[in-house]
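With these hints in hand, go ahead and build the complete structure from the sequences.
Okay, here's what each chain looks like letter by letter:
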Amino acid sequence: MRTAALIVLLTVPAWHLALAAPGNGFGLAGGPTAHSVRLTFLDGTSQRYTSAGLGVTGDAQFVVNERWSLDSFLSLTLERSHGDVTATISNGMAGFQVRRWFGQFFMGAHLGEYTELLRDATHAQTVYGPGMGAAVGQERPDGLIWSAQLDLPRKLIAPGEVRVGLLLQVGWRWY
Amino acid sequence: MKALCALLPALVLLATLCCAQTAVPQAPSAQQTPGSITELPGALPPAPTEESPQTDAAQPAAIALGRQVWQESWDALHGQSIILGAGYTQGTLKFPKFRGAPGVDPQVTDNGRLTLLFRYETTERYFAKLPLQVGQVAFGYNFAGSYAMLQVDRQLVDNPFMGQNLGTSVHGNYLAGAPQLFVRIGPLYADRAVFWKFAVGLGAALVRLHGTVLPHNGQVAEPVEAVDSEGTRLAEYITVNWELQMERWLLAFQSHYLQGHAGQDFFTYEVYALSLGYTVRF
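Residue numbers (the working numbering), protein chains in the order written: chain A, 1 to 175; chain B, 1 to 282.
Calculated from the structure, these hints are not laboratory results.
Just so it is clear, the structure is predicted and the values come from calculations on it, not from any experiment.
A few of these clues could be false.
Chain B is faced by these chain A residues, among others (derived, beta-carbon under 7 Å) [as the list claims (entries may be wrong)]:
| # | residue |
| --- | --- |
| 1 | 24 |
| 2 | 60 |
| 3 | 62 |
| 4 | 63 |
| 5 | 64 |
| 6 | 90 |
| 7 | 94 |
A virtual CB, placed ideally from N, CA and C, is assigned to each residue, including glycine.
This is the structure we're talking about:
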């Protein structure tokens, strides 16, 4: 009984939070990010490295109605890798996300074009390719936003590669 | 604990009421926080409530007024445009089957450089529109042309994207044009002309290029071979643009792909660019 009461007590304020609808506007958010990369080359050799750092995203949100919105965004990160590749890495992304809203909270899925700029002591390289991802988050009426985003860039170098990116962000939307 | 249990039915009732409220289509209420979408001129008017009753006649009038405001932003897009700007670009020139030999594919890139942006677009035509809370999504078509320099001097050796200075280089330029299909969304704010646009075009380009390459990318000891378009040649052209238009300023993420023949050699040229431009409409 105590548990049920607690659930209800916690649920009621949550419902109030969930009442507001999404809004149009520019957003800017940033936070920690990490990528994990495994490359398998045609000769059978492979490389594996992970990187971590900070990322920033600028976006423009267009509201369809209280349940759906369209979000166009650009992300840029600065990371340091370790593993088989030790380098400074910058990941970029231009994407388009469709969001389903539940009050202030959303779930989104996106497609995008991904780039990776990798620079170490001996060389630098830029690679690019398409990808997709998903996100969950909240946008409050006062403008405060947060989100957690998962990205799956594809074929940036070779078909046999696996890339996963995670970006946690806090920021602001100007309604 | 007993008091809490006594409160439970009331809390459940309150939660149910909240659920019932969310089930109603949410034309934003007039009591939302400052800066919310209801205060934007193009937003839907407040739904009639007991606190703010509205007549049936007032609501369509408010909607029309809101639409009139953001429609001005769309109207401002009308006409032809020239976009001038600058950006960061990486272009890579490839010759698959160089001199007709399978497996011989010299590739020369620029490793990324600052470039100028010259673009022309005809008036946009729309064939479908979907309404948004503010503005609309429009599917349309127009024609876009651009001019760019081709300047690659880093040959790819053991890396598929970053080349090395091996004394080879190819220079030239191209004038490209393509009818394009696009989707334009906006405006972002009812009273500001901020739009997002994604466009894909398929067309042709006039290309002129000349220079030298090493036939085998890593073999510095072999003699360089000349490549020459022998004047201006026609090439196929594909363009993909991701754009954010902010009043007259344009932030564009673009990729261009050209393929054609330079003399006896088939070539492809891939370009990726992030640019900032200024739009002049006429």
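Against the earlier hints, flag every one the structure doesn't satisfy and list their numbers going up.
Hint 6 alone not satisfied by this model.
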